[in-house]
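Asker: Following the hints, complete the assembly by docking chain B onto the known chain A.
Protein sequences appear in the order of chains A and B.
Taken in order, the first sequence gives residues -8 to 487; the numbers are from the working numbering.
Taken in order, the second sequence gives residues -8 to 487; the numbers are from the working numbering.
One should not assume that every hint holds.
In silico contact screen, one side only, chain B against chain A (beta carbon under 8 Å); selected entries [stated by the list, open to error]: (1) G10; (2) P24; (3) S232; (4) R482.
Counterexamples of contact, computed for chain B against chain A with all Cβ distances above 10 Å [what the hints assert, rightly or not]: (5) K(-7); (6) Q34; (7) A36; (8) A48; (9) R100; (10) D113; (11) L174; (12) K206; (13) A334; (14) D396; (15) D466.
Just so you know, these hints were derived from the structure itself, not from any lab.
We put the beta carbon where it would ideally sit given N, CA and C, even for glycine.
2 protein chains.
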Amino acid sequence: MKAYNELEARFARLGALEGAIGVLDWDTAVMMPDGAGEARGEQLAVLQGLAHDMLTAAEIADLLERAEAERAGLDALQAANLTEMRRAHSQAGVLPRDLVEASARAGSRCEMIWREARAASDFTMVRDALGEVLALQVRIGEARGAASGLGVYDALLDSHDPGLSCAWLDPAFARVSRELPGLVAEALDAQARRGPVLPLRGPFPVEAQTRLGGKILAALGFDFSRGRFDASLHPFCGGSSGDARVTTRYDESDFKGSLMGLLHEGGHALYEQGRPARWLAQPAGRARGMSLHESQSLLVEHHAGLSREFLEWLAPAAREAFGAEGPEWTPDNLYREFKRVKADFIRVDADEATYPAHVLLRSGLERAMIAGDLRVADLPGAFNEGMKRLLGVDPPDDRRGCLQDIHWYAGIWGYFPTYCVGAMIAAQLYAAATAAVPDIPPSLARGDFAPLRGWLRANIHARASFASTEAIIGDATGEPLDPRHYLAHLRRRYIG
Amino acid sequence: MKAYNELEARFARLGALEGAIGVLDWDTAVMMPDGAGEARGEQLAVLQGLAHDMLTAAEIADLLERAEAERAGLDALQAANLTEMRRAHSQAGVLPRDLVEASARAGSRCEMIWREARAASDFTMVRDALGEVLALQVRIGEARGAASGLGVYDALLDSHDPGLSCAWLDPAFARVSRELPGLVAEALDAQARRGPVLPLRGPFPVEAQTRLGGKILAALGFDFSRGRFDASLHPFCGGSSGDARVTTRYDESDFKGSLMGLLHEGGHALYEQGRPARWLAQPAGRARGMSLHESQSLLVEHHAGLSREFLEWLAPAAREAFGAEGPEWTPDNLYREFKRVKADFIRVDADEATYPAHVLLRSGLERAMIAGDLRVADLPGAFNEGMKRLLGVDPPDDRRGCLQDIHWYAGIWGYFPTYCVGAMIAAQLYAAATAAVPDIPPSLARGDFAPLRGWLRANIHARASFASTEAIIGDATGEPLDPRHYLAHLRRRYIG
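For reference, chain A alone in the conformation it holds in the complex (with noise of 0.2 Å):
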């Protein structure tokens, strides 16, 4: 066990280290002022390059041969670890540092660059950088690539979920595809027939709004000793182990956004803050792949917090918050309001039923713009045209098309098919959770998200990356991931 207890403390020391990255991303995108963001891009850089080093080192490779040797005498957590100190290591292996660093630094340069595009709305400002940034992202699925037998584009899925690949999305995608387009029109047709919602009259002040994210928050079962709750431009969960923080934005005309902002990241602290304490800074005690991350940030925000019972418990809730009352503050109304839907610009405001074309959309662009299908010069052009195509929709500016979300200009390919393949296992564990655990509704509507989260914490957050995706979702739910249980989620709760 020597060469495998010297891997721990070595994977102990790389796990401070991006401990430390996660830290200094929250604060890049939360506190750092303007002028900051070349000395920050090199900070990163170099950690993201010292990360790798340590990652790639020589006496790695020669402590996994030995600790292989040793596996008898493991037990089958230490095994499972030891399995996934071999996948990180080979998986940083084939690439070089300066690919790793030079792509560390086009992402935050072209980040910080995205920012001020996206304020002006001009996609021209940022689209030399971002071809850069896109540049680098096919030099490292090529290599990663390489040395795995995967396609570029299925080596940076790979990246983000183990196992994710095109094999399995052409078919899910094509179903979903095939039947959205009738799914959103009968919904549209049930939610007309239904007639109008009563309207939410605000402004809602970001301090209230702030209050009743607090609420929320404390209701999931958030540890606020252990994480934090903010603002920023782009909601995300980030930090550290041990320091889950999630940001919300705020729109005081509308506080739908900032909510289900909040409720989607608290999901994904969840899961942070639920990982084994005991082996938070190994390999395998990370959250198991993008996909699963996204499926406890969906089911908590649309099964959970979008469900019927839980606006009985958010509704009078944010009457106080907000100092309202009137009939359009019902429960039944509110449920009504949240869940209209309306095919938009912005994905992360989508409702649920138009959000899988957001998600098909760039998947397909950045598939092309990988594959050298599709220039970056011409994105804006397509990407309207693809919201146009799927959504019905125009968008009139690039801010509010594809300058919106940040993660290709940060450097993050390969990524928004698992907000899809999130969406679907988020209806089959909500589907298994509720079949296993029948109090989980009734208790939403007391706020408590006690029994829900027991249920994901045995099921999901502990098991960390000590399975496979599809072991952890076989074993939770008793099958395969099949898109029919979204669909079906669906369908229920737009057409009814």
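Answerer: Relative to chain A, chain B alone:
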């Protein structure tokens, strides 16, 4: 120049790593949730270990040797930078990495416990953790001393302020110790003769103090695009090169503390923001040492901020911030209130005349602890006895006694004397600045720090570490550092 250029690239990476440490340190004090302390300690320990590795790498020694051979081809700034690189490398080389990491870990841990102990006002809670920190500081001082030929405490002094030694401190501190009691007594007499100050009645809401603070920072010329302003338990200036972050703390019954804290940290920040941009990440581009750094904060706080002139601007700003009026809000009454001499418990809230006593006490105690002449367990008693002896006050609890300052607990030893040396430098610099630029005081009355800032930038900030503290002071003031300026200033202001 090949070796020199390679060194610049390596030191830029090191600078980025140290910047990351600075931001994490800031986060620890300002943002981090309580439960994340242990993980943060690991992060900082690992980063400090990596910085140590980077600085002591064999390649650096080799490059330094080769760069020396190129020295004739370097310009004066490059040559000074090479000298500072050599100094940094040899200083770090004497410390084994396990000692660096152990010290970082012990400091993080002890600081966390100190926060609780301070809240509970119970020194015994943190006693053992402080003992560990001290033992590691002794080892660090011994290792540095063995390499440099300095005594253990001198070696710690030198690590904060190159060139500072007991040999210089002893006669200077002896002179201050000799003259101070009489000076304070005379100041109290003079104050009594002038009759009572009209009291300023609160409450002073934190929001109003924060707004006023922002206005003061703007008047100082603080660049908000390269810095932040927040609140923390202990005021400080931190962050990284190009991202200077100041904090203060608030008491709603008395705004003087937050204001003085902010002026103090604002002075530090002006130094940080005034270092030459081209050299920010290089050893010669750093602030020269902590005495000079403290001179900048004390000059802004006491000489400029507490000047009768500045209060012409501050009085109406404060009236506006607090919606206050009446005869107690005249510049004259504020001046008398702010410079009121009163022997009291808290160092950072102390007036200028009694402040040196706080520093002399701590300097003596830490020197005795380092020498093994005072046991950690006996610190509270010795602290309180010293307060009684030097200031005639008897701290009623540890919170207002030996638990009030973060330094020792965070592993900062051999630092306290720089506050008093800084005060001496500040007085000498302000006398020289106002002699050279007579417009400085009248412009302060208009809230315009530009003339003062311009003089400091040229004579102190821009010189960074391109010369010794001694040379910088000599060039700026035309004479070596002499405590008579400091004593004369106190006499002038407080006895008149």
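Asker: Quick one, is the B/P24 hint okay against chain A at 8 Å, beta carbons?
Answerer: B/P24 check passes; min Cβ-Cβ to chain A is 5 Å, inside 8 Å.
Asker: Is the claim that B/Q34 lies outside the interface with chain A correct, judged by CB distances over 10 Å?
Answerer: violated (4 Å)
Asker: Hey, does the B/R482 contact hint survive, CB to chain A under 8 Å?
Answerer: violated (41 Å)
Asker: For B/D113, is the shortest CB-to-CB distance to chain A above 10 Å, so the non-interface label stands?
Answerer: holds (21 Å)
Asker: For B/K206, is the shortest beta carbon distance to chain A beyond 10 Å?
Answerer: holds (18 Å)
Asker: If you take the shortest Cβ to Cβ gap from B/S232 to chain A, is it below 8 Å?
Answerer: holds (6 Å)
Asker: Should the label of B/A48 as a non-interface residue stand, given a Cβ cut-off of 10 Å to chain A?
Answerer: holds (12 Å)
Asker: Taking the shortest Cβ-to-Cβ distance between B/A36 and chain A, state whether it exceeds 10 Å.
Answerer: Violated: least Cβ distance 7 Å, not greater than 10 Å.
Asker: Per the stated criterion, does the least C-beta distance between B/L174 and chain A lie above 10 Å, as a non-interface residue requires?
Answerer: For B/L174, whose nearest Cβ neighbour in chain A is about 42 Å away, the distance exceeds 10 Å, so it holds.
Asker: For B/D396, is the shortest beta carbon distance to chain A beyond 10 Å?
Answerer: holds (26 Å)
Asker: According to the definition I'm using, a residue is off the interface if its beta carbon is farther than 10 Å from all beta carbons of the partner; does B/K(-7) meet that for chain A?
Answerer: Fine: 19 Å to the nearest Cβ keeps B/K(-7) off the interface.
Asker: Is the nearest CB of chain A more than 10 Å from the CB of B/R100?
Answerer: At roughly 14 Å from the nearest Cβ of chain A, B/R100 sits farther out than 10 Å, so the non-interface label holds.
The structure shown violates the earlier hints numbered 4, 6 and 7.
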